[in-house]
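Asks: So the chains spell out like this:
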Amino acid sequence: MSRGSNAGFDRHITIFSPEGRLYQVEYAFKAISQSGLTSVGIRGSDCTVVVTQKKVPDKLLDSSTVTNMFKLTPLIGCVMTGHNADSRSQVHRARVEAGEWKYKFGYDITADVLCRRLADISQVYTQNAEMRPLGCCMILVAIDPQLGPVLYKCDPAGYYCGFRATAVGAKQTEANSFLEKKLKKKPALDLDKTVQLAISCLSTVLAIDFKAHELEIGIVTKDKPKFRTLTDAEIEAHLVAIAERE
Amino acid sequence: MEKHFTDSRVKGVSTGTTILAAVFDGGVVIGSDSRASMGGEFVSSKTINKVIQVHDRIFCCMAGSLADAQAVTKTAKFQLSFHSVQMENPPLVIAAASVLKELCYNNKDELQAGFITAGWDKKKGPQVYVVSLGGMLISQPVTIGGSGSTYIYGYVDAKYKVNMTREECLQFATNALALAMGRDNVSGGVVNLVVITEAGAEHIVIPGDKLPTFSDE
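Chains as they are written, first to last, in full-length UniProt numbering: chain Z, 1 to 246; chain H, 1 to 217.
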């Protein structure tokens, strides 16, 4: 009775296994680590920052066309980790949802509502046999008009949550422990401190001494709530500041 | 609109109106009156805003049925914002005008609205486009529309010069709108102007008592 006619298929489509697990969803999480990249998001006192590695594996690739940071609305940005094509699909859907919300209701969608909407869509994929879950995880950043700086994450299981700091990707466990330790005392983080903490997290956990062109950093701040990515020169300035502190 | 609506049951609130847009050296001025009327007799609003922002540096003036014009500009705003986010760049003025044109042309049987689109983009600088009732799209350096425009064609033809300064163009636009509002009974109220340049968009409102007066007043 506990096996029924599900023999073996629980690993192939999103139906429950006898132990009550959804193997396909778990495999989706493994797919995120497949990309080999790690991303970190940290919420400061007046800003939110996301950092991700920029790996350009092929010397022939034009690195200016490679990015994992996307603008969903002028005020909400995101970093995608995992399968590239799935990431773009989710970003496109997020943009459509945000645009339709603005059109229907006349005001800008907030990051938490957008995150919830995408999580709900991801949940549908975990129930439909014909569609697989997406192999990517989205970290959203924004300055919410009521709540101030916010950081949200939604994953292939359809789970979403707001965070003070979070990490996704190949080294997420180590990165999350690093962040827990650093944020235990609830320090006040201004923009520079937040950016540098995020960069340090990645370099410590991955044991890489980053150069400016190996990182992508996206920020939103209270004075400039529009999502923007830092230029190489700005990243270099932060790297220098970190080096001088040590 | 070139038609005068005598049958107000047909389209409800319509904007007998005067709208204009003109390119100057470094930017555009787009402006309108502020009267909404029903049937050419009743002024339903003295302070309606007919200059709608569809993106940071792109504005539209609407003429014709207010309801149709608002619905179309709302849809255009949505499509344009999505387009701009996807392109990761501000939209071109011609993109805004084309979106409006598509909507007007594909729904020409149901809609009765025309638009003037004006704005600034990095590719071609300041531009003005006209989308007429049936969905024609053309680019012009200066254009006027609405029922009040018939009274100022002569003034516009005579006084508009290419590459005016911002102040000259503002004066030109104010005069033109004031003259039209003076003769067209379904145009009136205040003058709403928006000056769009590379630096951004600036709104100027000139109330009725501050409008220029002419020899007959």
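Keep in mind that the hints are not guaranteed to be accurate.
[What the hints assert, rightly or not] Covered by chain H, according to a simulated footprint, are these stretches of chain Z (three or more residues, beta-carbon under 8 Å):
| hint | stretch |
| --- | --- |
| 1 | 69-82 |
| 2 | 99-109 |
[What the hints assert, rightly or not] Here's a subset of chain Z near chain H, in silico, CB distances under 10 Å, partners left out:
| hint | residue |
| --- | --- |
| 3 | 96 |
| 4 | 146 |
| 5 | 182 |
The set of hints was computed from the structure by calculation and includes no laboratory data. The beta-carbon is built from N, C-alpha and C at its ideal position, and this holds for glycine as well.
Asks: For each hint, tell me whether it holds in the structure or not.
Replies: Right, here's what the structure says about each hint:
With 4 residues carrying a beta carbon less than 8 Å from a beta carbon of chain H, the stretch 69-82 of chain Z meets the three-residue requirement, and the given coverage holds. Counting residues of the stretch 99-109 of chain Z whose C-beta lies closer than 8 Å to any C-beta of chain H gives 4; at least three are required, and the coverage claim holds. The interface hint given for residue 96/Z holds, since its Cβ lies 7 Å from the closest Cβ of chain H, which is under the 10 Å cut-off. The beta carbon of residue 146/Z is not positioned within 10 Å of any beta carbon in chain H (closest approach about 22 Å), and the interface hint is therefore violated.
Taking 10 Å as the C-beta contact cut-off toward chain H, the hint placing residue 182/Z at the interface is violated, the least distance being around 33 Å.
Checked against the numbered hints given earlier, the structure breaks hints 4, 5 and satisfies all the rest.
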